[in-house]
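With these hints in hand, go ahead and build the complete structure from the sequences.
Chains as they are written, first to last, in our numbering: chain A, 1 to 486; chain B, 487 to 972.
If you are wondering where the hints come from, they were derived from the structure by calculation, not from laboratory data. Everything numeric in this text was worked out from a predicted model, so none of it was measured. Yeah, the Cβ is synthetic: ideal placement off N, Cα and C, and Gly gets one too. Don't take every hint at face value.
Claimed, not checked - With beta-carbon atoms standing in for the labels, derived distance ranges:
hint, chain 1, residue 1, chain 2, residue 2, range
1, A, 4, B, 765, 36 to 44 angstroms
2, B, 768, A, 37, 36 to 44 angstroms
3, A, 33, B, 693, 45 to 53 angstroms
4, B, 543, A, 130, 31 to 39 angstroms
5, B, 543, A, 313, 38 to 46 angstroms
6, B, 531, A, 33, 42 to 50 angstroms
7, A, 62, B, 691, 48 to 56 angstroms
8, A, 329, B, 741, 44 to 52 angstroms
9, B, 741, A, 37, 33 to 41 angstroms
10, B, 904, A, 313, 27 to 35 angstroms
11, A, 44, B, 693, 34 to 42 angstroms
12, B, 521, A, 15, 36 to 44 angstroms
Stated by the list, open to error - Here are some, though not all, of the chain A residues that point toward chain B, as calculated from beta-carbon distances under 10 angstroms:
hint, residue
13, 5
14, 9
15, 10
16, 16
17, 39
18, 47
19, 52
20, 121
21, 122
22, 185
23, 189
24, 322
25, 338
Claimed, not checked - Output of the computed footprint for chain B on chain A, the stretches with three or more beta carbons under 8 angstroms from beta carbons of chain B:
hint, region
26, 64-72
27, 153-161
28, 299-313
29, 352-364
Protein chains: 2
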Amino acid sequence: MDTDEFRKFGKIAIDYLANYLDTIRQRTVLPDVEPGYLQKCLPESAPQTGEHWSEIFAELEKFVVPGLTHWHSPSFHAYIPTANSFAGIVGELMMAGIGGITTTWDSNPASVELELKMMDWLVKMLNLPEHFLNTSDGMGGGCIQNSASESTLLALQTAKRRLMDLSKEDTLGQKLVAYTSDQSNSSVEKAALLASIVIRLLPTDTNGCLRGEVLKKSINEDKEKGFVPCCVIATFGTTGICSFDNVEELAEICRSESIWLHIDAAYAGTALVCPEYRYLMRGIDKVDSFNFNPHKWMRVNSDCSALWFKDTTYVEKLTSCEKVGSNPDDIPNIHLWQIPNCRRFRALKLWFVLRIQGVEGLRAHVRKQVGLANYFVELVKSDERFEVCTSNLGVITFRLKGPDGPTKLLLDKIREGRKIFVMPYCHLNKFMIRFVVCSSFTEKPDIDNSWRHIEDLANNIEYSKEEYINPVLRTASMKDEIRRRN
Amino acid sequence: MDTDEFRKFGKIAIDYLANYLDTIRQRTVLPDVEPGYLQKCLPESAPQTGEHWSEIFAELEKFVVPGLTHWHSPSFHAYIPTANSFAGIVGELMMAGIGGITTTWDSNPASVELELKMMDWLVKMLNLPEHFLNTSDGMGGGCIQNSASESTLLALQTAKRRLMDLSKEDTLGQKLVAYTSDQSNSSVEKAALLASIVIRLLPTDTNGCLRGEVLKKSINEDKEKGFVPCCVIATFGTTGICSFDNVEELAEICRSESIWLHIDAAYAGTALVCPEYRYLMRGIDKVDSFNFNPHKWMRVNSDCSALWFKDTTYVEKLTSCEKVGSNPDDIPNIHLWQIPNCRRFRALKLWFVLRIQGVEGLRAHVRKQVGLANYFVELVKSDERFEVCTSNLGVITFRLKGPDGPTKLLLDKIREGRKIFVMPYCHLNKFMIRFVVCSSFTEKPDIDNSWRHIEDLANNIEYSKEEYINPVLRTASMKDEIRRRN
Numbered sequence: 001m002d003t004d005e006f007r008k009f010g011k012i013a014i015d016y017l018a019n020y021l022d023t024i025r026q027r028t029v030l031p032d033v034e035p036g037y038l039q040k041c042l043p044e045s046a047p048q049t050g051e052h053w054s055e056i057f058a059e060l061e062k063f064v065v066p067g068l069t070h071w072h073s074p075s076f077h078a079y080i081p082t083a084n085s086f087a088g089i090v091g092e093l094m095m096a097g098i099g100g101i102t103t104t105w106d107s108n109p110a111s112v113e114l115e116l117k118m119m120d121w122l123v124k125m126l127n128l129p130e131h132f133l134n135t136s137d138g139m140g141g142g143c144i145q146n147s148a149s150e151s152t153l154l155a156l157q158t159a160k161r162r163l164m165d166l167s168k169e170d171t172l173g174q175k176l177v178a179y180t181s182d183q184s185n186s187s188v189e190k191a192a193l194l195a196s197i198v199i200r201l202l203p204t205d206t207n208g209c210l211r212g213e214v215l216k217k218s219i220n221e222d223k224e225k226g227f228v229p230c231c232v233i234a235t236f237g238t239t240g241i242c243s244f245d246n247v248e249e250l251a252e253i254c255r256s257e258s259i260w261l262h263i264d265a266a267y268a269g270t271a272l273v274c275p276e277y278r279y280l281m282r283g284i285d286k287v288d289s290f291n292f293n294p295h296k297w298m299r300v301n302s303d304c305s306a307l308w309f310k311d312t313t314y315v316e317k318l319t320s321c322e323k324v325g326s327n328p329d330d331i332p333n334i335h336l337w338q339i340p341n342c343r344r345f346r347a348l349k350l351w352f353v354l355r356i357q358g359v360e361g362l363r364a365h366v367r368k369q370v371g372l373a374n375y376f377v378e379l380v381k382s383d384e385r386f387e388v389c390t391s392n393l394g395v396i397t398f399r400l401k402g403p404d405g406p407t408k409l410l411l412d413k414i415r416e417g418r419k420i421f422v423m424p425y426c427h428l429n430k431f432m433i434r435f436v437v438c439s440s441f442t443e444k445p446d447i448d449n450s451w452r453h454i455e456d457l458a459n460n461i462e463y464s465k466e467e468y469i470n471p472v473l474r475t476a477s478m479k480d481e482i483r484r485r486n
Numbered sequence: 487m488d489t490d491e492f493r494k495f496g497k498i499a500i501d502y503l504a505n506y507l508d509t510i511r512q513r514t515v516l517p518d519v520e521p522g523y524l525q526k527c528l529p530e531s532a533p534q535t536g537e538h539w540s541e542i543f544a545e546l547e548k549f550v551v552p553g554l555t556h557w558h559s560p561s562f563h564a565y566i567p568t569a570n571s572f573a574g575i576v577g578e579l580m581m582a583g584i585g586g587i588t589t590t591w592d593s594n595p596a597s598v599e600l601e602l603k604m605m606d607w608l609v610k611m612l613n614l615p616e617h618f619l620n621t622s623d624g625m626g627g628g629c630i631q632n633s634a635s636e637s638t639l640l641a642l643q644t645a646k647r648r649l650m651d652l653s654k655e656d657t658l659g660q661k662l663v664a665y666t667s668d669q670s671n672s673s674v675e676k677a678a679l680l681a682s683i684v685i686r687l688l689p690t691d692t693n694g695c696l697r698g699e700v701l702k703k704s705i706n707e708d709k710e711k712g713f714v715p716c717c718v719i720a721t722f723g724t725t726g727i728c729s730f731d732n733v734e735e736l737a738e739i740c741r742s743e744s745i746w747l748h749i750d751a752a753y754a755g756t757a758l759v760c761p762e763y764r765y766l767m768r769g770i771d772k773v774d775s776f777n778f779n780p781h782k783w784m785r786v787n788s789d790c791s792a793l794w795f796k797d798t799t800y801v802e803k804l805t806s807c808e809k810v811g812s813n814p815d816d817i818p819n820i821h822l823w824q825i826p827n828c829r830r831f832r833a834l835k836l837w838f839v840l841r842i843q844g845v846e847g848l849r850a851h852v853r854k855q856v857g858l859a860n861y862f863v864e865l866v867k868s869d870e871r872f873e874v875c876t877s878n879l880g881v882i883t884f885r886l887k888g889p890d891g892p893t894k895l896l897l898d899k900i901r902e903g904r905k906i907f908v909m910p911y912c913h914l915n916k917f918m919i920r921f922v923v924c925s926s927f928t929e930k931p932d933i934d935n936s937w938r939h940i941e942d943l944a945n946n947i948e949y950s951k952e953e954y955i956n957p958v959l960r961t962a963s964m965k966d967e968i969r970r971r972n
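What follows is the structure, encoded as structure tokens:
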């Protein structure tokens with residue numbers, strides 16, 4: 001293929017995507033396919049000789065798209081928003097086309113420097129502590145990671161390395177313990193498994209918030225048993241109900257116990273672009289590392305996860321080895337602040353989005369999504385059969401009043417219909433439906449449609465009296481369902 | 487921005503990239519910028535209000551591109567090839583536009599199934615053992631990772647988990663030791679640091695190959711000291727001189743000692759698409775995990791790293807936790823075979839490349855690059871001042887005959903000129919220049935140009951007699967140089 005052919009191919013792709021996104025409302029959000037459907041459609045082996053690109057678009061529409069979950073459909077209310085914007089799409093295209101990867105500054109100066117600058121722009125936009133700036137006098141700084149999972153893993157391993165350095169004890173590694181809340185994302189538990197650190201999933205209060213006294217109690221118990229507290233991973237906006245741990249209380253304890261405090265703000269971190277949400281982040285000046293994903297709510301297409309360290313000394317100690325080079329003076333060694341050796345030119349994508357959206361554009365996006373969520377809350381409240389359980393920053397849980405049975409049946413009906421995608425959630429021993437405003441294409445009529453669909457199905461629920469009276473009857477299978485869907 | 491505007495924006499980006507790649511030969515491969523140059527050009531903060539996309543292209547060309555290393559320039563002969571193809575670029579664009587991410591099958595059925603299928607296509611294309619097929623009867627299988635770094639880390643941690651499971655000893659973690667060669671990539675050492683496992687960088691033979699007897703000796707020494715051998719990371723195509731460890735010998739020892747054997751074939755794995763290179767891979771049926779990067783030599787733009795396990799039981803044990811769901815029967819849990827929780831739809835990009843290139847197209851690409859490298863070898867040999875030190879699969883080292891001084895001066899001149907990008911290398915106590923055919927745009931006249939440039943500079947080298955006689959004089963600074971450039 002030459003560049004003339006690439007021009008045609010690329011422009012057809014742009015048109016395909018424009019059409020796909022223009023018509024996304026007309027596609028059923030959840031696919032109607034059986035496990036293994038695609039295995040049967042596609043050939044067993046790669047073609048021997050190359051095919052023309054035009055053939056691929058036909059098969060994409062015929063075989064692949066029918067099996068897609070349409071994550072950017074306004075009827076997608078599951079998980080948490082996954083960013084998308086035209087600026088992000090074109091940014092990703094430009095990254096791929098310019099290509100190349102980056103290790104040290106020498107390998108790609110503009111890539112390293114744009115990343116340093118973009119991370120500083122984010123610090124200022126979110127009003128994060130100045131010691132996170134790459135241009136700060138101290139040892140703080142940040143760079144782009146692939147995911148919050150990797151950011152948490154890196155924070156845990158850095159915390160471990162720091163303690164191992166401080167201690168003379170050879171067997172310390174066996175005794176390290178980390179803490180997070182029972183509401184934290186599964187990636188935190190997975191990171192602890194990967195870092196070979198015991199993790200405690202501590203109980204939260206009725207608001208889903210991890211409080212200082214709970215942490216303190218657990219630390220004391222562990223110390224009595226001979227464990228060595230190493231790291232606390234607090235969540236700023238949990239995946240379940242978007243609850244917020246009390247960072248100020250946790251930070252105080254971490255400081256007095258010399259424990260690393262990492263904040264996972266994967267989704268809700270973006271809200272800090274709006275001054276009205278910054279009160280949620282009290283204590284952030286005391287945390288050791290902070291991570292949020294512009295690829296969730298900040299319109300930067302995946303992947304783009306931002307991680308800062310208050311002091312990068314320990315992560316550099318963790319990852320420095322004989323064969324890895326260093327940057328010129330005054331250029332931070334961001335290649336040492338990550339798990340892989342190389343990085344894509346993700347700063348370019350971030351630059352595209354931040355410039356095309358602007359700070360006000362991103363604020364408007366957050367406020368619009370929260371506004372739509374609040375509108376949904378009003379709709380739920382207007383139907384007296386329902387109750388709203390929680391509503392935080394675009395993440396809502398609600399249920400039919402009374403025992404769990406009817407809500408479970410309603411969720412089954414919703415999932416069978418495939419017209420909207422919502423998730424189950426259990427909190428305070430109640431079964432709920434979890435509804436999130438995810439797509440950036442969502443408008444008020446979309447919320448009306450989703451709610452009307454839920455109400456219609458609720459009108460037609462038939463459930464046996466037994467099930468109504470004995471709400472635990474279906475609990476086992478629903479637990480499986482929750483696990484399977486998460 | 488609406489979709490009409492996106493169509494314009496996206497198509498301008500396609501044209502920009504077509505022009506960039508069409509004119510890449512006219513750009514000096516290495517940028518002429520000082521550290522910190524971009525920090526001074528760009529504003530201190532993100533813009534308050536959004537800007538029009540057309541403004542970005544102007545600043546991209548004005549500020550960013552002058553600081554880029556042009557990785558796809560035919561004058562780029564450093565590191566190792568980083569894949570690029572029009573199919574890969576458009577594939578990346580389509581991934582971004584369709585968007586969404588994937589965890590379990592439920593979250594995105596087509597994404598999971600296309601990945602399973604593409605990994606099986608790769609197994610067949612490379613003639614890898616059938617037990618790696620996702621459709622095999624056993625527990626083997628593979629999925630796409632972000633990087634070889636992460637693949638190595640995951641293999642190491644899986645090996646660790648396996649031994650911890652087999653042992654009853656609590657303090658085992660402190661005694662684990664892994665082995666790799668002194669020629670392996672720095673990411674292996676970094677992975678060991680991250681996995682808290684001691685690593686031995688074992689000496690290789692004169693061909694840069696790790697042999698069984700060296701491994702055996704080191705294992706015995708470690709066992710006597712009370713260490714527990716856990717994992718061997720063998721390299722199939724080292725970064726330095728593209729040497730190949732003796733997998734058959736290493737596999738025999740690993741089997742008898744019950745040690746995990748991982749293969750890092752990041753670059754050279756792609757060569758297995760050509761039957762004539764498969765002899766290099768004797769013993770592969772006995773390895774526990776195998777990784778290569780289609781994003782290096784297989785024309786799939788970064789990132790796309792393929793990792794297979796002979797038995798996925800241990801990696802699933804490593805990463806499974808309470809909150810993570812599982813797939814329907816018959817669909818492997820590939821979300822448990824990776825560090826992060828979520829994955830991008832990279833299978834789509836791989837599908838685009840494999841279909842548009844076809845197996846024969848990829849074979850032709852490998853053969854063309856190797857052919858161009860061999861042509862360069864002939865050019866070097868035709869000048870009697872020079873000697874070729876090594877030449878393996880597109881990776882060449884050469885030097886001026888005699889002591890190191892002149893070669894060091896020549897490299898300095900080449901780097902100062904910025905017209906071609908080559909790296910230093912030290913092997914068997916000799917200083918060499920490392921030359922790789924990286925860009926897929928490279929043609930014979932490009933090789934001629936690069937060689938003519940080197941010869942011209944060699945003609946003009948002035949070096950003091952002292953330096954010629956005492957080749958170690960500049961060694962210290964060149965070691966720093968090698969470290970800095972790697």
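Each hint, compared with the structure:
no., hint, verdict
1, 4/A x 765/B: 36 to 44 angstroms, "40 angstroms, holds"
2, 768/B x 37/A: 36 to 44 angstroms, "38 angstroms, holds"
3, 33/A x 693/B: 45 to 53 angstroms, "51 angstroms, holds"
4, 543/B x 130/A: 31 to 39 angstroms, "32 angstroms, holds"
5, 543/B x 313/A: 38 to 46 angstroms, "39 angstroms, holds"
6, 531/B x 33/A: 42 to 50 angstroms, "47 angstroms, holds"
7, 62/A x 691/B: 48 to 56 angstroms, "53 angstroms, holds"
8, 329/A x 741/B: 44 to 52 angstroms, "49 angstroms, holds"
9, 741/B x 37/A: 33 to 41 angstroms, "39 angstroms, holds"
10, 904/B x 313/A: 27 to 35 angstroms, "34 angstroms, holds"
11, 44/A x 693/B: 34 to 42 angstroms, "38 angstroms, holds"
12, 521/B x 15/A: 36 to 44 angstroms, "42 angstroms, holds"
13, 5, "7 angstroms, holds"
14, 9, "6 angstroms, holds"
15, 10, "4 angstroms, holds"
16, 16, "8 angstroms, holds"
17, 39, "6 angstroms, holds"
18, 47, "5 angstroms, holds"
19, 52, "8 angstroms, holds"
20, 121, "4 angstroms, holds"
21, 122, "8 angstroms, holds"
22, 185, "7 angstroms, holds"
23, 189, "4 angstroms, holds"
24, 322, "7 angstroms, holds"
25, 338, "9 angstroms, holds"
26, 64-72, "holds (count 9)"
27, 153-161, "holds (count 3)"
28, 299-313, "holds (count 3)"
29, 352-364, "holds (count 9)"
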